[in-house]
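Engineer: Just need the whole structure built from these sequences, with the hints factored in.
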Amino acid sequence: MASRQLTRPQIFEMFSRLAEANPAPRTELEYGNDYQLLVAVVLSAQATDVGVNKATRKLFETVKTPEQMVALGEEALKQHIKTIGLFNTKAKNVIALSEALVANHGGEVPRDRDTLTELPGVGRKTANVVMNTAFGEETFAVDTHIFRVGNRTGLAPGKNVLIVEKGLEKKVPQPFRRDAHHWLILHGRYVCKARKPECWRCVIEDICLFRDKTPAPT
DNA sequence: CTCCCGATAT
DNA sequence: ATATCAGGAG
17 MASRQLTRPQ
27 IFEMFSRLAE
37 ANPAPRTELE
47 YGNDYQLLVA
57 VVLSAQATDV
67 GVNKATRKLF
77 ETVKTPEQMV
87 ALGEEALKQH
97 IKTIGLFNTK
107 AKNVIALSEA
117 LVANHGGEVP
127 RDRDTLTELP
137 GVGRKTANVV
147 MNTAFGEETF
157 AVDTHIFRVG
167 NRTGLAPGKN
177 VLIVEKGLEK
187 KVPQPFRRDA
197 HHWLILHGRY
207 VCKARKPECW
217 RCVIEDICLF
227 RDKTPAPT
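For the first sequence, our numbering begins at 17 and goes up steadily by one.
Treat each hint with caution, since some may be false.
Stated by the list, open to error - Capping the alpha-carbon separation at 20 Å, the derived lysine-lysine pairs in PhoX-like fashion look like this: (1) Lys212 <-> Lys229; (2) Lys229 <-> Lys209; (3) Lys70 <-> Lys94; (4) Lys98 <-> Lys108; (5) Lys94 <-> Lys80; (6) Lys186 <-> Lys175; (7) Lys94 <-> Lys108; (8) Lys94 <-> Lys74; (9) Lys209 <-> Lys175; (10) Lys108 <-> Lys74; (11) Lys80 <-> Lys108.
Unchecked claim - Here are the in silico distance ranges between beta carbons for each label pair: (12) Pro231 <-> Lys70: 30 to 38 Å; (13) Glu185 <-> Ala35: 13 to 21 Å; (14) Lys187 <-> Glu91: 44 to 52 Å.
Think of the hints as simulated: they come from the structure by calculation, not from any bench.
Quick caveat, the model's predicted, so the values are computed rather than measured.
Don't be surprised by glycine CBs; every beta carbon is placed ideally from N, CA and C.
Structural biologist: Here's what the structure looks like:
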């Protein structure tokens with residue numbers, strides 16, 4: 017049985033308010049080109065954007081292409097990203113991914129979700145981020161924040177990320193589809209937080225179906 | 001399902 | 001001390 021969900025007018029109002037509060041939302045990952053964006057997103061799994069940026073700031077000064085990443089090598093890459101969780105598998109994946117880009121894609125980032133997903137360390141969520149942020153597609157990258165916000169608010173409930181993604185595709189209206197996933201992620205990160213949601217300063221508190229509204233601190 | 005895994009907030 | 005962080009692969 018489907019849990020309670022927001023109505024279509026409520027959803028339009030929800031994004032209207034989020035858009036008013038942040039007219040030009042943007043990823044907080046730092047990057048200089050499509051390839052660096054792809055690498056940053058792979059590194060960001062189960063890690064904070066702040067932590068990833070701290071490591072990539074120096075890495076991306078010298079590594080701007082997959083060729084340069086392959087030349088750097090796995091062990092040197094590990095030294096750059098050792099402060100990020102899961103750094104062993106991430107280093108291996110980034111090198112393998114870079115080798116695949118050089119060997120099969122002319123060193124360019126593919127503009128196709130299925131092709132992106134074939135790359136080592138790139139799953140559906142990472143591919144959706146790249147499609148949206150690099151290529152402007154109306155994709156919904158359901159990460160931990162969007163999964164939580166989608167379920168709490170009643171915007172797009174679902175027991176796994178694919179169900180939530182399909183719900184968003186069906187329910188998010190124009191003109192909000194392009195930037196919806198950015199608004200949701202930022203809302204989840206700074207207001208609708210996992211541990212201590214700050215409902216007292218939430219702009220959609222009256223619409224949201226989340227029951228345990230946190231009282232404002234005294 | 002488990003494993004991967006450091007930094008930070010609580 | 002534990003939960004969480006722009007997940008993916010075996």
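Engineer: Among all the numbered hints in the text so far, which are the ones the structure does not match?
Structural biologist: none
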